[in-house]
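Heads up: the protein sequence lines correspond to chains A and B, in order. In terms of our numbering, the first sequence has 42 at position 42, counting the first letter as 1, and numbering is strictly consecutive. Convert by adding 1000 to the 1-based position in the second sequence; the result is the number in our numbering.
Hints are computed from structural coordinates only; laboratory data are not their basis. Beta carbons are placed, not taken as given, at the ideal position from N, Cα and C, and that holds for glycine. Don't take every hint at face value.
Unchecked claim - So the derived label-pair ranges between C-beta atoms look like this:
id, chain 1, residue 1, chain 2, residue 2, range
1, B, ARG1082, A, LEU63, 24 to 30 Å
2, A, THR204, B, ARG1082, 40 to 46 Å
3, A, VAL86, B, LEU1079, 44 to 50 Å
4, B, LEU1079, A, GLY137, 19 to 25 Å
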Amino acid sequence: MSGSALAYVMYAIFALGGLGVYFALPQEGRWPSRTAVVLGLAALLGFLVLLGLEFAPDGGGGLYWVLFAGMAVFAAARVVTHHRPVYSAIYFVVGVLAVAGMMLLLAAEFVAVALVMIYGGAIMVTYVFVMMLAQHGGRPIYDHSSRAPLGAVLAGFVLTATLSGAIAEALPAGAAAPTTTVNYDVDFRPAAVEESGPLPAGNTAAVGATLLARYMVPLEIAGVLLLIAMVGAVAVARKRIPVTEAGALAPPAERPLGQSGREAEPFVPELKKV
Amino acid sequence: MTHYLIVGALLFGLGLVGFLSRRNLIIVFLSTELMFQGAVVNFVAFGRLHENLQGQSFALFLLAIAAVEASLALALVVLLFRRKGTLDVEVWRAMQG
């Protein structure tokens, strides 16, 4: 299939998928309708079949790509459309596992394991802790309605369709590989695995050598940035909010969409020494 | 590598949909993390296309930045929750426009 024909078929699939996601977004407490499920799954299936048949065979990852890509896209759609935050976090971990699988297919073993450890192990734990500390209990209105579902779906899917169309036209199946020679960035190659393919085995060793030899300054800056973030997070979260009267921290009356903040009672902070 | 790039674009687009449309502050920032996932897939796919380790190295830095952003965003969410007692984005509507 030529590049532009592929692009047009993908536009149709993304339109279908966008419609499915629009119906799946939580709106006024309505459950995702069967329409949403059918449209979304049909779009996902079409997406996987189209790209799987076009790009996945001989070297593109094969059936494993179809599995991981389907898992990732489904999990991402459920993160965005589920009405319970903890389920969104769990689906996000599923998505991270799928992306880690795709990293393995791309010969990026260290990145795959680092993704699982840092995202699934650290970042998601932090998110679940914050969900525990800031929970509402019951069916809060802000989990069951969306701000501008049509606009958001239009923005997201038009962007995705444009990007995908441009990519499909620029890099159709069977496009010539770039003519650069293999460049490992550092003159490091484990002696036993000289010519084991386009990327050296011993990926962790090669990545470590690259980071320390060629990208030393960004590595140190990343360390300093992590330190700054740690200090900053503690400093931000320690700030004491003065409580004006007994019921000040009770959740306000649930407001429907679009009600401006000006109609609520003004929040007057009491200026006292903390 | 086209199919990897398109999956990366799709993950980014879905993260954008969640970022723009959800009302729960925590889910908004979770969608931001989803956008980071799309970027990581794109970087590593391009690294594989050019057959060097630059994509993977930048993906690791991106991982560090994502962790930094998650921690600071959640600290802000905790602070905002303490101010208004709810995780709703709509209570901050007066800041809009």
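Checklist entry - Taking the CB of VAL86(A) and the CB of LEU1079(B), does the distance hold inside 44 to 50 Å? => result Between VAL86(A) and LEU1079(B), where Cβ atoms are some 22 Å apart, the hint is violated.
Next on the checklist: A range of 24 to 30 Å was offered for this pair. Does it hold for the Cβ distance of ARG1082(B) and LEU63(A)?
Outcome noted: violated, 49 Å
Next on the checklist: Between the beta carbons of THR204(A) and ARG1082(B), is the distance compatible with 40 to 46 Å?
Outcome noted: Given range 40 to 46 Å: holds, Cβ gap about 42 Å.
Checklist entry - Between LEU1079(B) and GLY137(A), does the beta-carbon spacing fit 19 to 25 Å? => result Since LEU1079(B) and GLY137(A) have Cβ atoms about 21 Å apart, the given range 19 to 25 Å holds.
In this structure, the earlier hints numbered 1 and 3 are contradicted, and the remaining ones agree with it.
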